[in-house]
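Engineer: Here the protein sequences come in this chain order: X and R. FYI, our numbering numbers position 127 of the first sequence as 127, with every residue one higher than the one before it. Converting from the second sequence to our numbering requires adding 327 to each position, the first position being numbered 1.
Just so you know, these hints were derived from the structure itself, not from any lab. Don't take every hint at face value.
Beyond 10 Å from chain X on every Cβ pair, some chain R residues (computed) [what the hints assert, rightly or not]: (1) 381; (2) 400; (3) 408; (4) 438; (5) 471; (6) 545.
As a list, the in silico DSS-like pairs of lysine-lysine whose alpha-carbon atoms are at most 30 Å apart [said to hold, decoys possible]: (7) X:228 - R:409; (8) R:578 - X:262; (9) X:67 - R:474; (10) X:148 - R:435; (11) R:499 - X:78; (12) X:310 - R:527; (13) R:474 - X:243; (14) X:32 - R:563; (15) X:280 - R:527; (16) R:569 - X:323; (17) X:78 - R:435; (18) R:483 - X:44; (19) R:435 - R:527; (20) R:578 - X:290; (21) X:310 - R:584; (22) R:380 - X:186; (23) R:584 - X:112; (24) X:243 - R:409; (25) X:44 - X:112; (26) X:78 - R:552; (27) R:435 - X:112; (28) R:483 - X:186; (29) R:474 - X:215; (30) X:262 - R:569.
Ideal Cβ positions, reconstructed from N, Cα and C, are used throughout, including at glycine.
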Amino acid sequence: MNELFVLAEHRKGQIRDITFEMLTKGRELAEKTNSDLTAVLLGKEVKEHAKTLSEHAKKVLLIEDAKMENFNSEAYHKVLSNLINEHKPLLTMIGHTSFGVDLAPSLAAALKLPLATDCIELEFEGETFFITRQMYGGKVNVKATVRKAESYIVTIRQAAFAAQKPAINGQIIEKPSPLTKGITEKRFIEYILPPPSGVDITAADVLVGIGRGIKDENNMPAVEELAKSLGGVLACSRPIVDKGWLPSGRQVGSSGKTVKPKLYIAFGISGAFQHVLGMKNSDLIIAVNKDPNAPIFNFADYGIVEDLFKIVPSLKGKIYELKGQKA
Amino acid sequence: MDIIVCVKHVPETAEADIKIDASGKAIEKIGLVFDINEWDDYALEEAVRIKEKLGGTVTAITVGSEDADITLRKCLARGADKAVRLTDAKFDGSDGYAVAKILHSALKVLPFDLILTGALAGDDGYTMVGPILAELLGILHATMVKKIELGDGVAKVNRELEGGLEEIVEVKLPAVLTVQTGINEPRYVSILGIRKAMKKEIKVLGLADTGLSEKDVGEAGSWIKIEKMFVPPVEKQAEFIKGTPEEVATKIAEIIKSRGLI
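Input sequences plus hints: build the corresponding full structure.
Structural biologist: This is the structure in structure tokens:
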């Protein structure tokens with residue numbers, strides 16, 4: 001019987017969503033490849049998590065060690081290497097998260113097992129393992145084959161699979177920690193919370209998001225004025241924060257905030273998945289972008305293929321008109 | 328402190344119209360503007376800032392064609408002291424794993440205290456070269472780095488996690504740190520700087536210089552082989568509003584009003 005591993009990701013006492021998304025895909029693949037699905041749980045005092053995971057997988061492999069209280073790729077690497085060598089799973093699924101990208105590549109290189117990163121689809125067809133992933137910021141997909149091996153490692157993109165809740169009563173198998181020595185090379189020190197921001201974009205009914213297409217900091221006030229005319233606030237995608245034009249508290253996306261306003265207008269945002277993850281559940285999405293193939297149009301309700309600098313002043317005028325005010 | 332920065336010459340595609348080429352496995356490169364990978368740009372800037380503070384050297388290294396000299400010249404103009412280009416027709420088709428092996432072969436003989444590179448490349452997005460390189464060199468790594476503080480034999484770094492959270496991690500040096508965008512503000516290059524950089528030598532190495540065999544590199548040495556490239560399937564296509572900016576604005580305003588938001 002084959003085995004499939006899903007490495008459970010948890011942080012600050014919470015199992016992260018990616019874990020359940022991978023377990024959902026894992027159950028489907030387990031059925032297709034006649035395998036058992038095993039959730040691998042590493043941490044300190046995480047028995048509650050083991051119980052939760054046992055409702056999602058046939059087996060839960062639990063290893064507790066104070067050295068794994070917080071994610072540490074050095075400790076995880078050692079423990080997971082042991083488990084993979086021992087169990088030889090057909091596949092090990094790890095989240096394509098900050099946690100996963102710090103662990104999977106060096107683990108794969110050390111074990112000499114092929115790794116496919118940031119996968120959005122996985123298929124075993126006979127002896128061939130196919131993966132689908134995106135390139136060029138999500139503008140194209142590629143289907144690729146992974147070099148043939150007994151055991152594969154993949155990292156899975158967040159929200160690529162929708163998590164489902166099955167009715168499973170899995171078995172929890174506790175194993176002793178193989179970490180006999182201290183973890184000395186890499187040391188977790190502390191978490192740093194994001195700085196408090198004056199504006200809470202998650203509480204706004206209307207958000208006007210700006211991206212790379214805004215070109216220049218001097219172009220921002222016009223868009224901010226438009227946002228204000230709608231009683232909304234300015235939000236942005238990553239490049240704007242990277243340039244220091246807006247504080248990090250205004251960033252929408254996987255590394256920023258998740259928002260669900262009544263209206264989200266995206267100006268000059270291409271719609272890379274990291275941004276979309278943070279705003280796709282908005283009630284109404286209107287996107288303005290010069291590139292007709294921008295991925296944002298696959299998530300928006302309404303799309304306008306036009307230079308944002310032509311739309312912003314006209315739209316502001318119309319809104320003031322409807323409000324009976326002068327622009 | 329001697330720092331190596333691994334860079335990649337990539338097409339700028341964020342705002343470009345992309346077409347899939349006749350092979351069906353790659354994009355049409357004609358008409359695209361190539362430049363240093365955005366993440367590597369921040370890594371280079373960080374390296375130069377460390378050098379300016381602590382002394383030492385910065386060496387930029389890349390795996391790519393002759394065209395990558397544009398990116399290497401930019402690195403030299405921005406403060407790198409040396410540049411190395413690994414070029415061989417046999418390297419074509421290399422994934423992140425094969426690229427890490429090629430870089431490793433060159434770095435085995437270069438002295439360094441620290442290696443910096445981008446967390447990922449904007450073209451293939453593998454997010455793997457840095458940590459694999461570290462593993463091959465037998466040194467530590469930290470990925471998605473937003474801040475670097477160098478101490479006595481250690482680097483204290485802030486790693487970006489999800490949702491605005493960061494973690495502080497300490498790693499022993501030498502190490503590979505992969506840099507996230509926004510860690511600094513990359514400087515502009517002066518015309519004088521570019522002129523000076525044109526005179527600097529770019530060392531070129533091929534497969535024969537690496538000690539690797541043909542099966543270690545290119546498609547043969549890779550984990551991933553692209554079979555098919557296609558436009559992402561659309562789950563929900565936006566309804567496009569057409570017309571003059573005035574007409575479009577009128578329609579948007581009406582839609583917003585119909586939702587009770589005006």
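Engineer: Decide, hint by hint, whether the structure agrees.
Structural biologist: Structure-based check of all given hints:
1. Consistency note on residue 381 (chain R): stated as away from chain X, and its beta-carbon is indeed over 10 Å from all of that chain's, at 22 Å minimum.
2. Taking the minimum C-beta to C-beta distance to chain X, about 24 Å, the non-interface status of residue 400 (chain R) holds against the 10 Å cut.
3. Non-interface call for residue 408 (chain R) relative to chain X: holds, since the shortest CB-CB distance, roughly 27 Å, exceeds 10 Å.
4. With a minimum CB-CB distance of about 21 Å to chain X, residue 438 (chain R) clears the 10 Å threshold, and the non-interface call stands.
5. Distance to chain X contradicts residue 471 (chain R) as a non-interface residue, since its nearest Cβ pair spans about 5 Å, not more than 10 Å.
6. Its beta-carbon lying about 13 Å from the closest one in chain X, residue 545 (chain R) satisfies the requirement of being farther than 10 Å from that chain.
7. Of the pairs offered as hints, the one joining residue 228 (chain X) and residue 409 (chain R) is violated, with about 50 Å between alpha carbons and a cut-off of 30 Å exceeded.
8. This hinted pair checks out: residue 578 (chain R) and residue 262 (chain X) have alpha carbons roughly 18 Å apart, not beyond 30 Å.
9. This hinted pair checks out: residue 67 (chain X) and residue 474 (chain R) have alpha carbons roughly 24 Å apart, not beyond 30 Å.
10. Taking the CA atoms of residue 148 (chain X) and residue 435 (chain R), the gap is about 29 Å. The hint holds against a cut of 30 Å.
11. Our distance criterion of 30 Å between C-alpha atoms is met by residue 499 (chain R) and residue 78 (chain X), whose separation comes to about 17 Å.
12. As the CA atoms of residue 310 (chain X) and residue 527 (chain R) are separated by approximately 45 Å, the hinted pair breaks the 30 Å bound.
13. Note on residue 474 (chain R) and residue 243 (chain X): the hinted pairing holds, with a Cα-Cα distance of about 15 Å set against a maximum of 30 Å.
14. Distance hint between residue 32 (chain X) and residue 563 (chain R) is fulfilled; the C-alpha atoms sit about 29 Å from each other, no more than 30 Å.
15. Between residue 280 (chain X) and residue 527 (chain R) the alpha-carbon distance is near 49 Å, which puts this suggested pair outside the 30 Å criterion.
16. The suggested pairing of residue 569 (chain R) with residue 323 (chain X) holds, with an alpha-carbon distance near 24 Å, which does not exceed 30 Å.
17. Proximity of residue 78 (chain X) to residue 435 (chain R) is assessed by CA-CA distance (about 24 Å); at most 30 Å being required, the pair is judged to hold.
18. Annotation: proposed proximity of residue 483 (chain R) to residue 44 (chain X) holds, straight-line Cα distance about 24 Å (limit 30 Å).
19. Annotation: proposed proximity of residue 435 (chain R) to residue 527 (chain R) holds, straight-line Cα distance about 23 Å (limit 30 Å).
20. Proposed proximity of residue 578 (chain R) and residue 290 (chain X) is supported: the alpha carbons are some 18 Å apart, at most 30 Å.
21. Annotation: proposed proximity of residue 310 (chain X) to residue 584 (chain R) holds, straight-line Cα distance about 21 Å (limit 30 Å).
22. As the CA atoms of residue 380 (chain R) and residue 186 (chain X) are separated by approximately 25 Å, the hinted pair is consistent with the 30 Å bound.
23. A distance of roughly 59 Å separates the Cα atoms of residue 584 (chain R) and residue 112 (chain X); the hinted pair therefore is violated under the 30 Å criterion.
24. Between residue 243 (chain X) and residue 409 (chain R) the CA atoms are separated by roughly 28 Å; this keeps the pair inside 30 Å, and the hint holds.
25. Straight-line distance between C-alpha atoms of residue 44 (chain X) and residue 112 (chain X) comes to about 29 Å, which keeps the hinted pair within the 30 Å bound.
26. Among the hinted pairs, residue 78 (chain X) with residue 552 (chain R) is consistent with the structure: their alpha-carbon atoms are about 29 Å apart, no more than 30 Å.
27. For a cut-off of 30 Å, the pair hint linking residue 435 (chain R) to residue 112 (chain X) stands: about 19 Å separates their Cα positions.
28. Taken as a hint, the residue 483 (chain R) and residue 186 (chain X) pair is honoured in the structure, with Cα atoms around 10 Å apart against an allowance of 30 Å.
29. Only pairs whose Cα atoms come within 30 Å are accepted, and residue 474 (chain R) paired with residue 215 (chain X) is accepted, the gap being roughly 26 Å.
30. Proximity of residue 262 (chain X) to residue 569 (chain R) is assessed by CA-CA distance (about 23 Å); at most 30 Å being required, the pair is judged to hold.
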